[in-house]
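Quick mapping for you: the protein sequence lines, in order, are chains A and B.
Residue numbering for the first sequence is 1 to 325, as defined by the numbering used here.
Residue numbering for the second sequence is 1001 to 1296, as defined by the numbering used here.
Keep in mind the hints are simulated off the structure, nothing from the lab.
Glycine is no exception: its CB is placed at the ideal position from the N, C-alpha and C atoms.
Treat the hints with care, since some could be wrong.
Label pairs and their in silico Cβ distance ranges [claimed, not checked]: (1) A:Ala-125 / B:Leu-1043: 38 to 44 Å; (2) A:Glu-49 / B:Val-1129: 37 to 43 Å; (3) B:Arg-1125 / A:Ala-141: 43 to 49 Å; (4) B:Leu-1048 / A:Arg-117: 45 to 51 Å; (5) B:Leu-1106 / A:Arg-117: 28 to 34 Å; (6) B:Thr-1019 / A:Ile-27: 54 to 60 Å; (7) A:Arg-169 / B:Pro-1141: 27 to 33 Å; (8) A:Pro-83 / B:Ile-1039: 38 to 44 Å; (9) A:Arg-169 / B:Leu-1106: 42 to 48 Å.
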Amino acid sequence: MSAVMINAKNVTRNFSISRGMFRGKQILRAVSGVDLTVKKGEVLALVGESGCGKTTLAKIILGLLPQTTGSVDLCGQSIMDLPRLELARTIQPIFQDPYSSLNPRKTIGSIIGLPMRVQGVENSATIRRKVQKTMDLVGLAARHYNAYPNQLSGGQRQRVAIARALVNRPQIVVCDEPTSALDVSVQSQILNLLSDLRKELNLTYIIISHNLAVVEHIATRVAVMYLGRLVEEAKTSILFNNPHHPYTRALLESVLTPEPDLGIPNTQLGASYPNPIDPPSGCAFHPRCAQVMPHCAMTPPLSNNVNGRFVECHIYNDDSAENAD
Amino acid sequence: MPITDEVKLDDGSKLGSLTKKIRGHQGMIIGSVIVFAVIAIALLAPLLAPHDPYEQDLMKRLLPPFWDSRGSWEHIFGTDHLGRDYLSRLIYGARISLLIGIGAALISGLIGTIMGVMAGYFGGRVDMVVTFLITVRLSMPVVLVALAVVAIVGGSLQVVITVLGLLLWDRFAVVMRSSTLQIRSMDYVAAAQAVGCSVSRVLMTEVMPNVVNNLIVITTIEIAHAIILEAALSFLGLGVQPPLPSWGLMVSEGKDMMLFEPWLITIPGVALFLLVLAINLMGDGVRDITAPENRN
């Protein structure tokens, strides 16, 4: 439909974990071989359990963390080649915890104005005008201009964080669980604000979330991550109506419903999340999979395009299914 | 009975809430009053001292202070073994103590802060090197090294300040490292990086303002530490050299006569005690008042 904003190819990020002086180092693969394309105006949701590499992937795309291998292009330019200030004008983050994302020593006005000053805007009247305009845009009262972050509520703080991200009108915004630290009543306000801003400013979002209800509400496309890999990626409606990957199915079943009679859903996931330092052989999901097949432990599955989605599972891999028989 | 109470809104003025907080902190008030009094005395020493602190009068040696039956109001705190006015020496001694305390704390604060912030912010190799240097420094006994250096180079005010400054940075480095480490993991540092701030800008506008209250507390501790160390060095005869009126030197010179003229060591001893206590009280107060969680 429109221009490709983010194009990540085979992105891998390893961390080396020291296990003490004499036991050497081990490699933790936080993100392994992720391909991701986001087009202008899309809202891509990254979902998955804690520790599956969502945040690491987001940090790589933001340029806060160098990738070990692979490449990330923003608007057709590699982030390695983009100058720092231009990268900052293109892509901005919104963090999870608004209590940690605002410097407690600075006023709201100076927090929101920082991106402009960094970009070389000297005139304080210009900064003030634009900061107040942005505060108005995100629904912050002008009287908060000289307030300190701890004088604001969680929802207001998150609005400040959004204003800081938007003051230089970036094209892409990466939201790392933008609502999970907020009260339920405030969550929907922030989500609606994000949706409105997307339409108004023609933004592209990457949203990281645990909350599948949030994802269904706001995302146009969903990518499910498991142990550093994308296991399924599709349009939101396709994925939510007919999840293919057994892990996606389990995730969707794990959503709690407001009806108390239904009890706590049984996801069939059984065993706990595997240790990412020592991932299972073959398909990383096989120890917890309800539909595990003998060869799942042997060969890693390939990505297939099935029914309008990408899914990485042996069930949909005709070749390996034949081999297994 | 009215259903609603009148609530006074905070006018939001920073200065107003700050003075209110200081007023509520007794230790801070006591400490700062003493510290500022000592600073004033040190600055105005020539006007306040009743006598020349260096003028000897052997006819009047070892006069007791005014509260003794043999004491006189001419020499309020008596005279020392060379007949010099003790009050005047005490007043001039405040200059030496403060100069050494502040000078040494400034030098060591600069060294320790740079090392600690670098180690905490960059981590990895930089952190390894700094941690190693801290360990090396901690393995050297301060008094022994200071004694050796002073014995080789010779004692003077400048040498004592430099030596103490070069030896007392360890606590600055340790505290700055750990508080920087803590601040570095905050999302606002990541946000500043994502906004395009240079490393120096992140350090100056995001990290430093949030570690500066720790820095102030350590500075006061180290000022007090340096003053005590100077007194110890002077007591051992390797600090400030006579006839400079340092409080430690006064204790040292009085120690031979302490059985019959105990005021010779109690007066400078109490002065040292009060100054160090006051500096620590003030540091405590500054920490309590500047902590951002108290701001409302």
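Results for each hint:
1. A hinted range of 38 to 44 Å holds for the C-beta pair Ala-125 of chain A and Leu-1043 of chain B, which are about 43 Å apart.
2. Roughly 38 Å separates the CB atoms of Glu-49 of chain A and Val-1129 of chain B, a value that falls within the hinted 37 to 43 Å.
3. The hinted window of 43 to 49 Å between Arg-1125 of chain B and Ala-141 of chain A holds, with their beta carbons roughly 47 Å apart.
4. One distance hint, 45 to 51 Å for the beta-carbon pair Leu-1048 of chain B and Arg-117 of chain A, holds here, with the actual separation near 49 Å.
5. The hint said 28 to 34 Å for the Cβ distance between Leu-1106 of chain B and Arg-117 of chain A, and at roughly 30 Å that hint holds.
6. Thr-1019 of chain B and Ile-27 of chain A have their C-beta atoms about 56 Å apart, which keeps the hinted 54 to 60 Å range intact.
7. A beta carbon spacing of about 60 Å between Arg-169 of chain A and Pro-1141 of chain B contradicts the range 27 to 33 Å that was offered as a hint.
8. With their beta carbons about 50 Å apart, Pro-83 of chain A and Ile-1039 of chain B fall outside the hinted range of 38 to 44 Å.
9. Here the CB-CB span from Arg-169 of chain A to Leu-1106 of chain B is close to 45 Å, well matched to the stated 42 to 48 Å.
The structure does not agree with the numbered hints 7 and 8 stated previously, though it agrees with the rest.
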